[in-house]
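Student: These are the residues of each chain, in order.
Number of protein chains: 2
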Amino acid sequence: MKYFPKDKKALMMAALGRIPSDLAITNANIVNTFTGEIYKANVFIYDGFIAHVETEDFENINAKEIVDAKGSFLTPGFIDAHVHIESSMMIPRNFAKAVLPHGTTMVITDPHEIANVYGIRAVEYMNAQTKDLPMKMYIDIPSCVPSVPGLENSGASFVAEDIKTMLSLSNVIGLAEVMDFIGVMNADKRMMDILKVFEEDGRYIQGHAPGLIGRGLSSYRIGGPTTCHESRKSWEVKPKMRTGMYVDARSSSISKNINEIVKGLDGIKFYDRLTFCTDDREVDEIIENGHMNDVLREATRCGLDVITAIKSCTLNAAQAAKLENIGAIAPGYVADMLIIPSLEDLKPSHVFTDGKLVAKDGILLANIPSIDFDLEKDLSVNAPDFTVENFRLKAPKANKVKVNILEYGSLNLSSTVLSQLELPVKDGYVDISGDDSLQFAAIINRYGNGTYTVGIVKNFSKIDVAWGSTVSHDSHNISITYKNPEDALAVYNHFKQNGGGQALAENGQIIASLNLNVGGLMSNKPVDELSKEVKAMKKALKDCGVDLTNPLLRIVTLALPVIPDVKYSDMGLIDVIKQEFIPIFVED
Amino acid sequence: MKYFPKDKKALMMAALGRIPSDLAITNANIVNTFTGEIYKANVFIYDGFIAHVETEDFENINAKEIVDAKGSFLTPGFIDAHVHIESSMMIPRNFAKAVLPHGTTMVITDPHEIANVYGIRAVEYMNAQTKDLPMKMYIDIPSCVPSVPGLENSGASFVAEDIKTMLSLSNVIGLAEVMDFIGVMNADKRMMDILKVFEEDGRYIQGHAPGLIGRGLSSYRIGGPTTCHESRKSWEVKPKMRTGMYVDARSSSISKNINEIVKGLDGIKFYDRLTFCTDDREVDEIIENGHMNDVLREATRCGLDVITAIKSCTLNAAQAAKLENIGAIAPGYVADMLIIPSLEDLKPSHVFTDGKLVAKDGILLANIPSIDFDLEKDLSVNAPDFTVENFRLKAPKANKVKVNILEYGSLNLSSTVLSQLELPVKDGYVDISGDDSLQFAAIINRYGNGTYTVGIVKNFSKIDVAWGSTVSHDSHNISITYKNPEDALAVYNHFKQNGGGQALAENGQIIASLNLNVGGLMSNKPVDELSKEVKAMKKALKDCGVDLTNPLLRIVTLALPVIPDVKYSDMGLIDVIKQEFIPIFVED
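Same order as they appear, the protein sequences are chains A and B.
Read the first sequence against this note's numbering and you will find it ends at 693, with the numbers running on by one and no gaps.
Read the second sequence against this note's numbering and you will find it ends at 693, with the numbers running on by one and no gaps.
A couple of the hints might just be wrong.
[Stated by the list, open to error] Counterexamples of contact, computed for chain B against chain A with all Cβ distances above 12 Å:
hint, residue
1, Lys113
2, Ile225
3, Arg226
4, Arg406
5, Asp450
6, Pro501
7, Lys531
8, Gly555
9, Gln614
10, Lys637
11, Ala641
12, Lys647
13, Asp648
[Stated by the list, open to error] Coverage of chain A stretches by chain B, computed from C-beta distances (three or more under 8 Å per stretch; other residues unrestricted):
hint, segment
14, 111 to 120
15, 132 to 145
16, 155 to 163
17, 320 to 330
18, 372 to 382
19, 434 to 440
[As the list claims (entries may be wrong)] Below 30 Å or equal to it, Euclidean Cα-Cα: the simulated DSS-like pairs (lysine-lysine) are:
hint, chain 1, residue 1, chain 2, residue 2
20, A, Lys465, A, Lys202
21, B, Lys145, B, Lys374
22, A, Lys630, A, Lys452
23, B, Lys427, A, Lys113
24, B, Lys301, A, Lys111
25, B, Lys452, A, Lys374
26, B, Lys361, B, Lys427
27, A, Lys145, B, Lys338
28, B, Lys269, A, Lys427
29, A, Lys236, A, Lys499
30, A, Lys499, A, Lys202
31, A, Lys294, B, Lys111
32, B, Lys601, B, Lys637
33, A, Lys338, B, Lys374
34, B, Lys236, A, Lys452
35, B, Lys338, A, Lys269
36, B, Lys374, A, Lys107
37, B, Lys107, A, Lys374
38, A, Lys301, B, Lys114
39, A, Lys107, A, Lys452
40, A, Lys338, A, Lys107
Bear in mind the hints are in silico, worked out from the structure with no lab data behind them.
From the three backbone atoms N, C-alpha and C, an ideal C-beta is built for every residue, glycine too.
Model the full structure from these sequences, guided by the hints.
Tutor: This is the structure we're talking about:
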């Protein structure tokens with residue numbers, strides 16, 4: 106896609122200096138993403154585009170307004186190559202308010218989460234949210250709704266025809282992370298049909314291929330995806346880049362992959378295929394640490410040269426998304442730019458989008474008016490009436506039973522293993538009271554299907570209170586971990602009444618909650634208010650004994666059936682690699 | 106543009122090793138154009154595409170045929186980013202025979218020369234020539250026919266509507282070098298209309314901007330062109346690359362710019378915007394020295410790292426032309442590849458296109474059948490009957506006259522300067538017999554217009570015989586330099602009878618000639634035969650005293666009105682910079 110100025114001839118006349126530019130940024134040290142040089146220049150902007158970059162004549166400044174960069178660096182605006190805005194718990198318009206002051210001027214968002222709740226209507230809602238925003242917010246159409254068909258039930262199911270209808274939405278630029286990498290690799294019909302829509306249309310296809318190398322990666326690449334933000338280990342980096350895949354280095358609130366990826370770049374000569382993303386970042390982390398600038402800081406701390414990091418986060422990201430004239434400070438390019446006093450702390454003093462100053466010294470200047478959306482008024486939880494009985498795990502035998510359980514390894518990773526334990530039976534139900542490392546896990550469909558699973562999880566939060574969430578990747582059913590079925594029921598009923606979010610219950614009573622009124626995933630409250638509520642919820646979790654980094658984004662991985670080895674869904678316990686169900690009870 | 110396999114699923118199954126590949130190239134040292142690494146691998150090819158690159162398991166080779174690379178390097182096929190095939194004097198099918206053994210597997214050709222002779226019909230002819238070729242021969246539609254409207258008459262004149270009709274030709278991928286850089290820079294309507302067709306269509310636009318930097322370059326870039334093969338001086342390189350322009354380093358038979366461009370890269374960190382081209386290379390030079398491999402050798406001799414050179418000549422060139430999956434050895438990429446025993450001499454032992462071995466050890470293996478074309482039977486010279494009188498320069502005054510003349514500086518450059526000389530008049534005609542550095546120059550329209558110019562040229566060939574050519578960029582009118590009008594008439598009449606080419610005449614008789622029967626530009630004779638004739642013509646020129654490198658391509662610059670400072674056309678003497686006529690005689 107190319108950005109077109111309203112009046113190209115006028116822009117050319119501004120380049121020639123025959124008519125005044127709207128703005129001149131003088132005395133800047135340009136970071137040139139084409140050549141990797143830094144040099145002194147005055148930059149002229151007209152009608153939202155860069156008209157000219159002057160490196161010789163610093164005297165003649167034919168512009169209506171001048172901003173003196175005072176020797177600071179001038180870089181293109183930063184691009185988040187892959188983000189689920191829902192994970193910030195902010196609605197997109199509020200998300201824009203939060204990230205712009207940090208210098209993120211473009212995000213490519215995958216509304217996969219809310220699409221699993223509300224289907225096509227959700228994607229239309231997310232697209233409508235971008236209206237008149239002072240930043241570029243593009244949408245990749247969710248490719249895998251649900252993520253693993255046949256193994257989970259979500260609120261929607263997209264086939265190729267559905268995806269075709271969404272192509273006409275104004276801000277759609279690609280197909281979002283193709284998570285069903287096994288399906289693609291094997292050339293399964295459902296995924297091939299979806300990929301074909303995009304191949305014929307010419308827009309790009311985002312990938313998702315954790316740990317995939319060798320022949321499987323070759324097949325996946327031929328299938329169509331051109332990017333991957335799921336590289337966690339240094340050994341994945343080169344095999345992916347060698348295939349021409351963009352390795353999209355991620356620093357989310359729960360997956361910090363930058364260090365491993367920078368390690369994996371060792372011995373590589375060209376960096377054209379490196380980009381950066383946040384994937385999932387919480388509101389409080391964005392406000393306190395920053396956004397893409399924080400990711401780049403991390404990359405440079407890990408040893409990546411800052412100019413390469415900036416190129417990756419600007420020009421490379423634009424190229425990966427097939428955007429032609431953005432991501433560089435050059436004539437004819439969109440004037441999304443940052444004045445950055447220090448390339449070490451990467452905090453922009455000025456943020457320009459389309460040539461307009463939208464944030465200064467960390468403060469948003471642009472006005473982002475609220476819009477009234479019907480979808481935000483809906484109650485997203487549609488689940489049956491349950492009793493305590495529904496949350497108990499009935500044993501098939503009288504004394505002892507052998508149970509397949511989902512075991513977390515490292516507390517800060519979403520990958521898990523399958524383990525088996527022999528557990529006592531009390532009054533006909535499995536008894537986990539004797540083992541502090543165990544909790545029950547219930548996954549309950551919230552889209553009217555009536556399906557639900559109760560199983561056991563090991564080494565998760567290890568707390569006694571019930572903890573529930575309607576944020577629960579990728580189907581966003583209700584996930585609850587608990588020791589006591591009464592507490593689980595309290596959480597469940599809370600969601601049925603309040604429409605979702607997160608909640609804690611003890612002795613059958615709610616003791617803390619975070620209300621996410623938009624699809625049970627986001628809140629339309631003002632950013633600061635939401636941030637406070639999120640912090641309060643985190644504190645409540647900590648007080649209960651949840652000693653995890655970014656705890657809110659932990660419970661959401663319990664039912665994430667695209668991350669190996671095992672996960673729960675509303676339909677049962679899933680072997681992620683084999684893509685099949687594992688019985689809760691091991692038969693003798 | 107993306108290349109699609111006939112059966113994507115089958116290609117994926119070959120990648121997975123579930124069905125046999127057509128070909129395996131084993132024991133190769135891959136030059137990876139994404140990462141810049143060289144590493145050992147077996148490459149599997151299926152249905153013309155690379156299915157898989159295996160770097161671990163060297164034992165299991167599930168393929169119908171195996172080629173052992175014996176540790177040689179394996180690179181993508183070389184791409185000539187900009188060439189006028191007409192300048193080789195070979196018709197395209199013969200050109201393919203000549204360049205393939207040297208490893209050039211793709212050329213992007215601008216049929217600008219023959220288009221100036223035959224218009225749309227010529228572009229259709231060039232497109233039809235590409236039928237079933239075992240190499241990729243793409244066409245950029247000539248943008249400037251004629252190059253400088255109003256200042257010359259050629260055989261055709263393209264406006265936006267004409268160009269639109271050619272977009273549907275099978276092998277058209279872009280708009281060819283936009284030579285009217287002054288017109289673009291000033292946003293003149295004719296050029297803006299043509300550029301708009303391509304902007305809306307999405308195909309790329311080749312530039313041509315000799316010495317253009319600063320504000321003019323900014324305006325030109327905004328206008329649309331994304332490449333430039335006209336950088337002659339090191340100081341042009343960075344300003345162009347900084348704008349994101351692809352600097353297309355040229356080594357033609359007459360313009361050797363590689364050394365200056367490599368010098369100009371000093372201090373640049375990223376090389377994404379570097380490509381290579383030949384522009385104009387003669388048949389005998391191609392046969393003796395090579396093609397793109399010769400250009401790359403030159404680049405490495407000048408100090409460019411060979412991996413960067415190879416990337417520039419493959420992946421970068423493909424990207425510049427918006428070709429998605431070619432230019433790399435990676436799954437899903439087109440299997441155009443070279444086995445190269447030495448990265449110093451860069452002579453491929455094996456050339457594969459679409460996975461098939463098409464040349465080996467410098468010998469073409471692929472069959473390229475001849476096709477009968479009506480256009481090749483036409484006589485391209487349509488000019489009036491002239492007498493000796495037409496070739497004399499009548500003086501406006503009796504004794505002495507002051508004349509504006511075109512003066513060559515370096516004999517090996519096509520740039521010129523304007524100078525003025527006071528010359529004697531004899532019998533009413535300007536007399537140049539007393540100055541060995543002077544010759545007459547006649548440019549005669551050969552498309553039925555009846556227009557012609559006679560002027561004086563200084564420091565050109567300095568020979569006494571008449572030398573004429575119907576190859577005469579860009580309008581390809583008849584150019585003749587001479588001392589003696591009788592000799593000029595002999596050359597002229599020879600072309601009228603034989604349809605063009607080059608010829609020498611002395612004492613009113615033709616003493617040597619090269620017949621170019623296709624549009625007066627190319628010959629459809631077999632490559633070896635043509636090469637011999639070209640050499641014979643060069644020898645005849647040398648015997649006459651023309652001491653120039655690549656003499657055949659010298660006379661063709663006499664009427665090239667896009668190269669400063671001054672040139673002749675059939676309409677007069679032209680100030681190239683001001684785009685206006687200069688009178689032959691200086692008024693007192």
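Student: Against each hint, give a clear statement of whether it holds in the structure.
Tutor: Tested hints:
no.: 1; hint: Lys113; result: violated, 7 Å
no.: 2; hint: Ile225; result: holds, 27 Å
no.: 3; hint: Arg226; result: holds, 31 Å
no.: 4; hint: Arg406; result: holds, 20 Å
no.: 5; hint: Asp450; result: holds, 22 Å
no.: 6; hint: Pro501; result: holds, 40 Å
no.: 7; hint: Lys531; result: holds, 49 Å
no.: 8; hint: Gly555; result: holds, 37 Å
no.: 9; hint: Gln614; result: holds, 55 Å
no.: 10; hint: Lys637; result: holds, 44 Å
no.: 11; hint: Ala641; result: holds, 47 Å
no.: 12; hint: Lys647; result: holds, 44 Å
no.: 13; hint: Asp648; result: holds, 49 Å
no.: 14; hint: 111 to 120; result: holds (count 6)
no.: 15; hint: 132 to 145; result: holds (count 6)
no.: 16; hint: 155 to 163; result: holds (count 6)
no.: 17; hint: 320 to 330; result: holds (count 8)
no.: 18; hint: 372 to 382; result: holds (count 7)
no.: 19; hint: 434 to 440; result: holds (count 4)
no.: 20; hint: A/Lys465 / A/Lys202; result: holds, 12 Å
no.: 21; hint: B/Lys145 / B/Lys374; result: holds, 27 Å
no.: 22; hint: A/Lys630 / A/Lys452; result: holds, 26 Å
no.: 23; hint: B/Lys427 / A/Lys113; result: holds, 22 Å
no.: 24; hint: B/Lys301 / A/Lys111; result: holds, 13 Å
no.: 25; hint: B/Lys452 / A/Lys374; result: holds, 24 Å
no.: 26; hint: B/Lys361 / B/Lys427; result: holds, 26 Å
no.: 27; hint: A/Lys145 / B/Lys338; result: holds, 22 Å
no.: 28; hint: B/Lys269 / A/Lys427; result: holds, 24 Å
no.: 29; hint: A/Lys236 / A/Lys499; result: violated, 51 Å
no.: 30; hint: A/Lys499 / A/Lys202; result: violated, 49 Å
no.: 31; hint: A/Lys294 / B/Lys111; result: holds, 17 Å
no.: 32; hint: B/Lys601 / B/Lys637; result: holds, 24 Å
no.: 33; hint: A/Lys338 / B/Lys374; result: holds, 27 Å
no.: 34; hint: B/Lys236 / A/Lys452; result: violated, 57 Å
no.: 35; hint: B/Lys338 / A/Lys269; result: violated, 50 Å
no.: 36; hint: B/Lys374 / A/Lys107; result: holds, 26 Å
no.: 37; hint: B/Lys107 / A/Lys374; result: holds, 26 Å
no.: 38; hint: A/Lys301 / B/Lys114; result: holds, 12 Å
no.: 39; hint: A/Lys107 / A/Lys452; result: holds, 29 Å
no.: 40; hint: A/Lys338 / A/Lys107; result: violated, 35 Å
Against the hints set out earlier in the document, violations occur for numbers 1, 29, 30, 34, 35 and 40.
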